[in-house]
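S.K.: Below are the chains, spelled out letter by letter.
2 protein chains.
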Amino acid sequence: MDRLLEIGKDIKTWSGIGALLGWDQETYMPEKAVDERSRQQAALSSLVHEKMTSGEIGELLEDLGADDDNPMGDESRCADLSRTERAFIRYVHRSYRKETRLPGRLVKELSETRSKSQSVWAKARQENDFKSFQPWLEKLIDLKLETAEAYGYDDNPYDPLLDDYEPDMKTSEVQRVFSDLKADLVPLVKAIAESKQVDNSFLTKHYPAKLQEEFGYKVLEKLNYPMDRGRLDVTAHPFTTELGSDDIRITTRYMEDFFNSSLYSIIHEAGHGLYELGMGDDIRGNLLAGGTSLGIHESQSRTWENLVGRSREFWEYFLPSLKSMFPENLDGVDVEAMWRGVNKVEPSFIRVEADEVTYSLHVMLRFELEQKLINRKLAVKDLPEAWNEGMRELLGIVPERDSDGVLQDVHWSFGLFGYFPTYALGNLYGSQFWNTMVKDIPDVYTQMASGDFTRILAWLREHIHQYGSSKTAGELAMDITGEPLNARYFVDYLNSKYKTVYKLD
Amino acid sequence: MDRLLEIGKDIKTWSGIGALLGWDQETYMPEKAVDERSRQQAALSSLVHEKMTSGEIGELLEDLGADDDNPMGDESRCADLSRTERAFIRYVHRSYRKETRLPGRLVKELSETRSKSQSVWAKARQENDFKSFQPWLEKLIDLKLETAEAYGYDDNPYDPLLDDYEPDMKTSEVQRVFSDLKADLVPLVKAIAESKQVDNSFLTKHYPAKLQEEFGYKVLEKLNYPMDRGRLDVTAHPFTTELGSDDIRITTRYMEDFFNSSLYSIIHEAGHGLYELGMGDDIRGNLLAGGTSLGIHESQSRTWENLVGRSREFWEYFLPSLKSMFPENLDGVDVEAMWRGVNKVEPSFIRVEADEVTYSLHVMLRFELEQKLINRKLAVKDLPEAWNEGMRELLGIVPERDSDGVLQDVHWSFGLFGYFPTYALGNLYGSQFWNTMVKDIPDVYTQMASGDFTRILAWLREHIHQYGSSKTAGELAMDITGEPLNARYFVDYLNSKYKTVYKLD
Numbered sequence: 001m002d003r004l005l006e007i008g009k010d011i012k013t014w015s016g017i018g019a020l021l022g023w024d025q026e027t028y029m030p031e032k033a034v035d036e037r038s039r040q041q042a043a044l045s046s047l048v049h050e051k052m053t054s055g056e057i058g059e060l061l062e063d064l065g066a067d068d069d070n071p072m073g074d075e076s077r078c079a080d081l082s083r084t085e086r087a088f089i090r091y092v093h094r095s096y097r098k099e100t101r102l103p104g105r106l107v108k109e110l111s112e113t114r115s116k117s118q119s120v121w122a123k124a125r126q127e128n129d130f131k132s133f134q135p136w137l138e139k140l141i142d143l144k145l146e147t148a149e150a151y152g153y154d155d156n157p158y159d160p161l162l163d164d165y166e167p168d169m170k171t172s173e174v175q176r177v178f179s180d181l182k183a184d185l186v187p188l189v190k191a192i193a194e195s196k197q198v199d200n201s202f203l204t205k206h207y208p209a210k211l212q213e214e215f216g217y218k219v220l221e222k223l224n225y226p227m228d229r230g231r232l233d234v235t236a237h238p239f240t241t242e243l244g245s246d247d248i249r250i251t252t253r254y255m256e257d258f259f260n261s262s263l264y265s266i267i268h269e270a271g272h273g274l275y276e277l278g279m280g281d282d283i284r285g286n287l288l289a290g291g292t293s294l295g296i297h298e299s300q301s302r303t304w305e306n307l308v309g310r311s312r313e314f315w316e317y318f319l320p321s322l323k324s325m326f327p328e329n330l331d332g333v334d335v336e337a338m339w340r341g342v343n344k345v346e347p348s349f350i351r352v353e354a355d356e357v358t359y360s361l362h363v364m365l366r367f368e369l370e371q372k373l374i375n376r377k378l379a380v381k382d383l384p385e386a387w388n389e390g391m392r393e394l395l396g397i398v399p400e401r402d403s404d405g406v407l408q409d410v411h412w413s414f415g416l417f418g419y420f421p422t423y424a425l426g427n428l429y430g431s432q433f434w435n436t437m438v439k440d441i442p443d444v445y446t447q448m449a450s451g452d453f454t455r456i457l458a459w460l461r462e463h464i465h466q467y468g469s470s471k472t473a474g475e476l477a478m479d480i481t482g483e484p485l486n487a488r489y490f491v492d493y494l495n496s497k498y499k500t501v502y503k504l505d
Numbered sequence: 001m002d003r004l005l006e007i008g009k010d011i012k013t014w015s016g017i018g019a020l021l022g023w024d025q026e027t028y029m030p031e032k033a034v035d036e037r038s039r040q041q042a043a044l045s046s047l048v049h050e051k052m053t054s055g056e057i058g059e060l061l062e063d064l065g066a067d068d069d070n071p072m073g074d075e076s077r078c079a080d081l082s083r084t085e086r087a088f089i090r091y092v093h094r095s096y097r098k099e100t101r102l103p104g105r106l107v108k109e110l111s112e113t114r115s116k117s118q119s120v121w122a123k124a125r126q127e128n129d130f131k132s133f134q135p136w137l138e139k140l141i142d143l144k145l146e147t148a149e150a151y152g153y154d155d156n157p158y159d160p161l162l163d164d165y166e167p168d169m170k171t172s173e174v175q176r177v178f179s180d181l182k183a184d185l186v187p188l189v190k191a192i193a194e195s196k197q198v199d200n201s202f203l204t205k206h207y208p209a210k211l212q213e214e215f216g217y218k219v220l221e222k223l224n225y226p227m228d229r230g231r232l233d234v235t236a237h238p239f240t241t242e243l244g245s246d247d248i249r250i251t252t253r254y255m256e257d258f259f260n261s262s263l264y265s266i267i268h269e270a271g272h273g274l275y276e277l278g279m280g281d282d283i284r285g286n287l288l289a290g291g292t293s294l295g296i297h298e299s300q301s302r303t304w305e306n307l308v309g310r311s312r313e314f315w316e317y318f319l320p321s322l323k324s325m326f327p328e329n330l331d332g333v334d335v336e337a338m339w340r341g342v343n344k345v346e347p348s349f350i351r352v353e354a355d356e357v358t359y360s361l362h363v364m365l366r367f368e369l370e371q372k373l374i375n376r377k378l379a380v381k382d383l384p385e386a387w388n389e390g391m392r393e394l395l396g397i398v399p400e401r402d403s404d405g406v407l408q409d410v411h412w413s414f415g416l417f418g419y420f421p422t423y424a425l426g427n428l429y430g431s432q433f434w435n436t437m438v439k440d441i442p443d444v445y446t447q448m449a450s451g452d453f454t455r456i457l458a459w460l461r462e463h464i465h466q467y468g469s470s471k472t473a474g475e476l477a478m479d480i481t482g483e484p485l486n487a488r489y490f491v492d493y494l495n496s497k498y499k500t501v502y503k504l505d
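Taken in order, these protein sequences are the chains called A and B.
Just so you know, we're using our numbering here: the first sequence kicks off at 1 and counts up by one.
Just so you know, we're using our numbering here: the second sequence kicks off at 1 and counts up by one.
Rather than coming from a laboratory, the hints here were simulated on the basis of the structure.
One or more hints might be untrue.
Unchecked claim - Pairwise CB distance ranges (calculated):
#, chain 1, residue 1, chain 2, residue 2, range
1, A, Ile350, B, Asp35, 38 to 44 Å
2, B, Asn70, A, Thr100, 42 to 48 Å
3, A, Asp10, B, Gly104, 15 to 21 Å
4, A, Thr100, B, Glu173, 45 to 51 Å
5, A, Asp2, B, Asp35, 16 to 22 Å
6, B, Ser95, A, Thr100, 33 to 39 Å
7, A, Pro442, B, Asp35, 35 to 41 Å
Model, not experiment: these values are computed from the prediction.
Backbone N, C-alpha and C define an ideal beta-carbon position, used for all residues, glycine too.
Whenever a hint applies, use it, and build me the whole structure from the sequences.
M.R.: What follows is the structure, encoded as structure tokens:
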């Protein structure tokens, strides 16, 4: 066990180095260094892959009696181990099994296809030319199906793909919760569309980046983001990255004519970052440190971004300070107006710009299409039409160009199938956890209104963060809320909030 | 040969990653990440060491017939190889031999002693307490002597240590040139000290960092530093680092009450950077890319800093632009006054703050003491007294505290013996090369005065940069100037320049 932990620590050390290579490339790397950086990244990835699939790990797992039936190791052989150590065995067994099951030829072909298809996609999107991307997408789906076969599955080849991002989650369970969600969201979006639109014109005035940044740091400080264990930088697309357990960096981008963009990116990424920063002492610096699934990761970012950052109480506390920085832009704007402004809902074509209500519908569309593609129930050539059909059904609008539709996301060109649903699962987990938290901290809203977010963080840390990957998403849901994933909490939250924002009925 | 080149490329890739770890630590890394960064650095260093000392390299060198008598490989076996490939064999053979000759126990003991002695030194300097550092310095000298024994040497154990930084240079040759240098410098410093001091008070007015930075970028642009292949950042101590052949980053620090500090750091580091950026196509991205010795590296930084940046012509071109940025500070300052101001000479205690004339004397003092220490001709306990005695002889001043004397530099606490002389060798090589360049480009001063530095760079690239480590310092001197290292050129330059600056005779 000690040796396995030691190997894990070594792999984590190298992963942190890989994260630095990636972070630097997006932030400060000079333009012409890109080719050499790719070589550095490739060398590092193959070193980590080599370490992760070493024969020694296989032997250690065997010694501990870990196999598909006993992923946490053999009961009698592991009797002296802690719960975390057993979870560590499960984690390593899982990765080892997945990584060793893929034939080298497939890994290589996937990686080569991906790097080419990404540039084809970028050009196709720019030129609104789905046809040129079509053969690459077909090839990627073939390869992902082959991947699913290599991993193995019971009835749905989408399962093992989804499992890469949301371990142990089944396609059927996602279908169940998404179907509940859809039943409520579609009518809510319709009701909002038919009501009087809120005015958020004060958010599209001129907000200089430098001042936005200053306000961002103020918010990060109140959210207890430790700047001696992290950083905030500027990149084309915001992200969070783990260079070490004491080095979690987030990024944002500034739009000077739309205030929301950067602030909510910062809060969103800070949510991811606080999760990574909250690992327990028994898993810090080892493989269990890090989010247990993308869904749970997204639950943390969405909790801070939406449940906290888009709450009325958040603005009760922060509006005076924001108004002192932008007195002209926010002249006459009160807490009510600010709160309604940042919560404006509007069906739109682009997922990454969508609001809290319509966002999940964008995700559902992708999930439904991905499943059909992977199960050969939809041909790639018919994908654009199916996309537009889905948009009409879910959001009531249809894009005029594929660039604003089926070609908008980079994910598929990178072979990421099974990734999208985790974005929506995050909203669901987040609301479900929050519902329990409010019972544990009855005066949480009063605390927020006074700028005190420490107990929220402490609660998340106690129940979620400290465990890292030692509890699966399903285990967290059961342990915290006593039931599996349930869409009801998110739907209730949206219905109640937006009834007020839009003065429905 | 192909396989050896491939291994070299792989090692270079990993070295670039190591450089990024170091750069990030000095620039942007959050404070508390320091322990994990040390682990990352250690993992990377041991990987590179492992690769550099692999049995496969030993076998390949043997196949090529490379040994101490044939460092460039066996004539007949290497008949088809290019000059660069033969130099590559020499480089790898040299590193392999050195790295494999040190017993693992010694490497470990050195590394542990170093990391502890550095913090002891830092405290000792702060508290002006040489006694507490003394046992650590004694231990380090024991270990360096052991290192010298392991490397092997003919008559002077200082030779193999010097060789780590200045390959193939012998202690006796340094003694020869330093003795020539000393004979001329000491009277020059004395003559200057007795003449009327120049006024540089306009350089100690308030120069806001932001504006200094802006001017720094202007200068970098004119010096043809390609910002798409490098960066300029701020660190506590300025440095240059090679993350890849297209990614050479330099740093500086800003002192708002002394204009010289940052500008000349930027030009100095740019000199190092332009060298690294100028590698020929046949060595880019492989082990020969990089400076051939610290002395040659320093010749490039000093050439740009002093021969170019402290020339009258440099200020003929740049003064108007600087005056437009700082009109009040530089009111009434003409080219003559500016030129004399940036060339002020004054004996002082601290090496890193020394001017162009006294600098080499600081280095000579350290060189003389190091040699005596390594040859057991001076006991560590008597070092402070020997230091002060040397200061009196060379510079005519004696520090009141060891913190301003023998304790000022970090080098010895890090086990760097043989490193200091390269700082002064750089000045000598620089002037010797410049003397030839002026014959090749007779109107070089007119070009500089018009802000055209392209032909200087092209000349340095053609004769020095492109070769990287494929020519040794000695080979460069012979090939370019037709003679070995000669102190005369530097002495002539100083005598003629400072006669004018100080209106001597």
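S.K.: Look at each hint and say if it fits the structure.
M.R.: Now the hints, each set against the structure:
no.: 1; hint: A:Ile350 <-> B:Asp35: 38 to 44 Å; in the structure: holds (42 Å)
no.: 2; hint: B:Asn70 <-> A:Thr100: 42 to 48 Å; in the structure: holds (46 Å)
no.: 3; hint: A:Asp10 <-> B:Gly104: 15 to 21 Å; in the structure: holds (19 Å)
no.: 4; hint: A:Thr100 <-> B:Glu173: 45 to 51 Å; in the structure: violated (58 Å)
no.: 5; hint: A:Asp2 <-> B:Asp35: 16 to 22 Å; in the structure: holds (21 Å)
no.: 6; hint: B:Ser95 <-> A:Thr100: 33 to 39 Å; in the structure: holds (36 Å)
no.: 7; hint: A:Pro442 <-> B:Asp35: 35 to 41 Å; in the structure: holds (40 Å)
Violated hints amount to a single one, hint 4; each of the other numbered hints is respected by the structure.
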